[in-house]
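There are 2 protein chains.
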Amino acid sequence: MDPTRIDPIPNPAVRRLSLYLRQLESFKRKDRRTVSSKQLGESLHLTDAQVRKDLAYFGQFGHPGIGYRVDDLIAQVRRILGTDKIWNVLLVGAGNLGRALMAYNGFDAKGFRLVAVFDSDPSKIGKRQGPFSAEGSDASKPKRFFVIQPLSELKSTVEKMGIRLAILAVPPDAAQELADQCVESGIRGLLNFAPVSLNIPRDIAINSVDLAVQLEQLSFQVNFSPLVQLG
Amino acid sequence: MDPTRIDPIPNPAVRRLSLYLRQLESFKRKDRRTVSSKQLGESLHLTDAQVRKDLAYFGQFGHPGIGYRVDDLIAQVRRILGTDKIWNVLLVGAGNLGRALMAYNGFDAKGFRLVAVFDSDPSKIGKRQGPFSAEGSDASKPKRFFVIQPLSELKSTVEKMGIRLAILAVPPDAAQELADQCVESGIRGLLNFAPVSLNIPRDIAINSVDLAVQLEQLSFQVNFSPLVQLG
Numbered sequence: 001m002d003p004t005r006i007d008p009i010p011n012p013a014v015r016r017l018s019l020y021l022r023q024l025e026s027f028k029r030k031d032r033r034t035v036s037s038k039q040l041g042e043s044l045h046l047t048d049a050q051v052r053k054d055l056a057y058f059g060q061f062g063h064p065g066i067g068y069r070v071d072d073l074i075a076q077v078r079r080i081l082g083t084d085k086i087w088n089v090l091l092v093g094a095g096n097l098g099r100a101l102m103a104y105n106g107f108d109a110k111g112f113r114l115v116a117v118f119d120s121d122p123s124k125i126g127k128r129q130g131p132f133s134a135e136g137s138d139a140s141k142p143k144r145f146f147v148i149q150p151l152s153e154l155k156s157t158v159e160k161m162g163i164r165l166a167i168l169a170v171p172p173d174a175a176q177e178l179a180d181q182c183v184e185s186g187i188r189g190l191l192n193f194a195p196v197s198l199n200i201p202r203d204i205a206i207n208s209v210d211l212a213v214q215l216e217q218l219s220f221q222v223n224f225s226p227l228v229q230l231g
Numbered sequence: 232m233d234p235t236r237i238d239p240i241p242n243p244a245v246r247r248l249s250l251y252l253r254q255l256e257s258f259k260r261k262d263r264r265t266v267s268s269k270q271l272g273e274s275l276h277l278t279d280a281q282v283r284k285d286l287a288y289f290g291q292f293g294h295p296g297i298g299y300r301v302d303d304l305i306a307q308v309r310r311i312l313g314t315d316k317i318w319n320v321l322l323v324g325a326g327n328l329g330r331a332l333m334a335y336n337g338f339d340a341k342g343f344r345l346v347a348v349f350d351s352d353p354s355k356i357g358k359r360q361g362p363f364s365a366e367g368s369d370a371s372k373p374k375r376f377f378v379i380q381p382l383s384e385l386k387s388t389v390e391k392m393g394i395r396l397a398i399l400a401v402p403p404d405a406a407q408e409l410a411d412q413c414v415e416s417g418i419r420g421l422l423n424f425a426p427v428s429l430n431i432p433r434d435i436a437i438n439s440v441d442l443a444v445q446l447e448q449l450s451f452q453v454n455f456s457p458l459v460q461l462g
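As given, the protein sequences belong to chains B and S, one line each in that order. Residues in the first sequence are numbered consecutively from 1, following my numbering. Residues in the second sequence are numbered consecutively from 232, following my numbering.
Hints listed in this document are in silico derivations from the structure and should not be mistaken for laboratory results. Ideal Cβ positions, reconstructed from N, Cα and C, are used throughout, including at glycine. Wrong hints could be hidden among the right ones.
Covered by chain B, according to a simulated footprint, are these stretches of chain S (three or more residues, beta-carbon under 8 Å) [claimed, not checked]: (1) 261-267; (2) 314-327; (3) 351-360; (4) 416-427; (5) 433-446.
Start from the sequences and build out the full structure, keeping to the hints where you can.
The following block contains the structure:
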């Protein structure tokens with residue numbers, strides 16, 4: 001499949017792909033083998049036509065009279081999202097949000113492994129952070145620790161561990177410089193939690209999570225409800 | 232203005248409203264008095280037509296030959312988003328993510344004031360969390376503390392403090408029950424960080440931030456780039 005021949009895919013369809021995956025994984029946990037577009041859309045308040053249209057951007061996955069095979073569609077969606085393989089991810093910023101991300105045990109099951117943590121604060125560098133519970137808080141699994149590294153080790157660590165994704169959990173006034181350093185070190189995608197707009201090359205992916213914006217969208221809804229419902 | 236007479240407003244337009252507000256606030260800090268739709272769109276990689284169309288859902292704000300008055304448009308957008316007033320917000324969950332949210336000092340300037348924190352863990356209840364720096368880390372401003380309250384005080388606190396928004400920073404298996412408790416206590420909008428889909432009444436606003444989904448969207452982009460660029 002030649003990517004240059006595919007029509008541009010709308011962002012909301014890509015976002016919904018993640019939601020379909022969650023829903024399919026939930027069906028799988030309940031031992032469901034097949035699912036219709038109607039069933040897949042139902043809990044997400046989407047029509048079956050919308051589900052079929054979204055999935056059709058990426059291929060032909062349904063079987064007439066059967067619907068979608070749950071296992072098969074999970075594998076296909078993971079392949080499309082790129083999470084059929086494990087991504088090594090680094091974190092810049094070992095403050096409160098950084099610690100929350102280190103402790104967050106929902107990444108592993110989704111194909112992301114936090115492998116390195118960096119900070120510019122000399123008092124934090126070399127300190128061991130943890131223990132954090134591994135996925136599922138399974139007591140038999142080893143606890144995780146992170147040793148905070150200096151930024152001078154960013155580039156060599158990215159190369160050595162083949163890291164392509166970085167999470168920025170840093171103050172707004174430091175975010176641009178640190179984003180630049182990540183890109184120079186070979187990072188291809190940035191998840192930014194700092195409430196600033198970052199200038200990055202167009203071939204680098206960026207996704208920003210501004211926590212105040214999330215609340216603003218809520219206050220809009222509470223003010224204007226029931227005009228819109230967020231996806 | 233009768234809200235029932237307004238056409239439904241697309242979610243992406245509402246999301247961009249928050250971005251316009253950030254951009255306008257940045258112009259204001261640089262003492263800009265007026266701005267064109269082209270200038271407003273530029274740093275967000277949006278066309279001037281898109282900016283005008285988005286704003287037109289909410290009213291007529293531009294002035295021929297002048298553009299938008301920065302102060303005026305900031306006030307209008309805040310009014311639309313509901314952040315022209317202060318919203319009292321509560322937090323459920325005093326774990327690592329909860330602590331990061333308590334320490335996050337970007338809410339106040341946007342019109343949100345975290346006023347109460349709840350947890351179900353008896354070992355946390357009554358404990359003082361902090362000190363956390365106030366907005367801008369200004370040393371002259373008082374440090375903030377939170378005393379973790381039991382869930383039995385949820386309803387009375389919501390009523391006493393007129394709280395309408397809640398942040399859920401709890402494990403996935405506790406999220407539905409705690410969301411229900413929030414709604415029963417009078418909460419009108421929920422910001423959910425648990426990676427689960429919650430069933431809530433249709434007249435309650437909900438916005439979910441699934442951190443793994445944010446990374447999934449990035450890995451998709453890095454895989455498929457340059458087909459899409461996230462907003």
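Evaluation of the provided hints:
1. 261-267: violated (count 0)
2. 314-327: Holds, because 5 residues of the stretch 314-327 of chain S bring their Cβ atoms closer than 8 Å to Cβ atoms of chain B.
3. 351-360: violated (count 0)
4. 416-427: holds (count 5)
5. 433-446: holds (count 12)
Taken one by one, the earlier hints fail for this structure at numbers 1, 3, listed in ascending order.
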